[in-house]
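A.B. asks: Sequence:
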Amino acid sequence: MTPAGHAEAVNGGDGENTITALVIAALVSGELVGDGSAVVTGVAPLDRAGPLDLSILAGARYTPMLAETKAAVVLIDPEFREAVGAPRARIFVKQPLEKLLAVLPRLYPETLPAPGVAATARIGTGAKLGDGVSLGEYAVVGPGVRLGTGVVIGAHTVVGDGAQIGDGSRLWPSVVIYPGAVLGARVNVHAGARIGSDGFGYVFKDGAHTKIPHVGRCIIGDDVEIGANATIDRGSIDDTVIGAGTKIDNLVHVAHNVRIGTRCLLMAQVGVAGSAIIGDNCVIAGQAGISGHLTIGAGARIAAQAGVFGDIPAGETWSGYPARPHRESLRASGALFKLAGMMRRLEKLLEASEAK
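Here the sequence shown is numbered in our numbering, starting from 7 and rising by one per residue.
These are calculated hints, taken from the structure and not from any lab test.
Values in this document were obtained by computation on a predicted structure and should not be read as measured data.
Careful: at least some of the hints might be erroneous.
[Claimed, not checked] In silico DSS-like links for lysine-lysine, alpha-carbon gap of 27 Å or less:
| id | residue 1 | residue 2 |
| --- | --- | --- |
| 1 | Lys105 | Lys76 |
| 2 | Lys344 | Lys354 |
| 3 | Lys76 | Lys100 |
| 4 | Lys105 | Lys253 |
| 5 | Lys253 | Lys100 |
Based on the provided sequences and hints, a complete structural model is requested.
C.D. replies: What follows is the structure, encoded as structure tokens:
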């Protein structure tokens with residue numbers, strides 16, 4: 007085996023899992039320099055690639071690795087044309103990471119479960135399944151559910167009564183879709199996610215916390231991806247809405263009545279409290295927390311572990327706890343780090359003053 011874990015032998019030609027440098031160059035519209043017959047069967051980082059791997063060089067910090075890499079073919083940003091190294095083939099192309107999108111399906115073709123209903127799956131009264139649907143072992147589809155064409159439901163996944171799932175969507179094992187939730191087309195929900203559960207809503211009445219019935223829906227737009235063990239609550243008296251093209255990482259929580267726009271990115275362990283509104287194209291980094299009833303403007307960026315307690319204007323970058331505009335937050339952090347030294351100088355001044 008090579009260092010990357012691929013077998014040395016290959017199935018000659020451009021088979022399902024084998025591809026030449028010449029074909030790669032055509033797929034990415036890049037400039038090939040070197041051996042066009044060099045064969046790859048997988049991808050790996052420069053420092054761990056073996057002689058049958060494709061790799062990329064997209065940043066200056068990785069240029070020293072090019073001299074040591076064993077990769078057969080490397081996609082290289084033209085900015086690093088003079089970098090030292092001798093893979094069998096170099097392919098110069100802008101944005102090499104993005105260009106991998108054209109190559110990876112050839113090396114790693116996606117395999118979907120065959121259409122059909124497993125013997126242990128259960129389908130409720132009045133449920134409608136589109137053509138090519140696949141239900142895994144012990145999957146449960148409730149009464150009145152609508153599954154579009156080509157939907158894949160993984161093992162032990164539950165789709166609650168009256169839920170709707172659009173064409174080409176996939177629910178991985180142990181997902182729970184609560185009753186009445188609506189998922190668009192090509193939605194990808196990873197294992198353990200919970201979509202449409204009740205939000206955390208109570209009123210204090212007669213000496214006890216009394217639950218507010220949640221009657222709103224959870225609506226997920228087309229082309230949304232939801233990470234493993236993420237949780238998205240249904241609305242209380244309004245809907246919770248996730249806009250088309252938004253990507254939600256593992257362990258993210260979205261509370262009731264939240265509205266998230268299109269093409270947003272929410273990274274791991276982000277928490278969004280109830281009734282917050284997040285505009286289109288926002289990026290929220292890991293472990294950031296957003297308080298309820300706030301508005302985050304379109305295109306805003308929130309740094310990791312930021313604590314957001316007020317509205318953020320469109321297009322701005324905020325960071326820190328409490329979150330402030332990024333430059334202001336950096337200045338405040340810098341001043342805090344200087345505080346100990348300032349205290350020592352102040353103590354010396356006080357000592358000198360008292361000694362007089």
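A.B. asks: Checking each numbered hint in turn, tell me which of them this model violates, lowest number first.
C.D. replies: none
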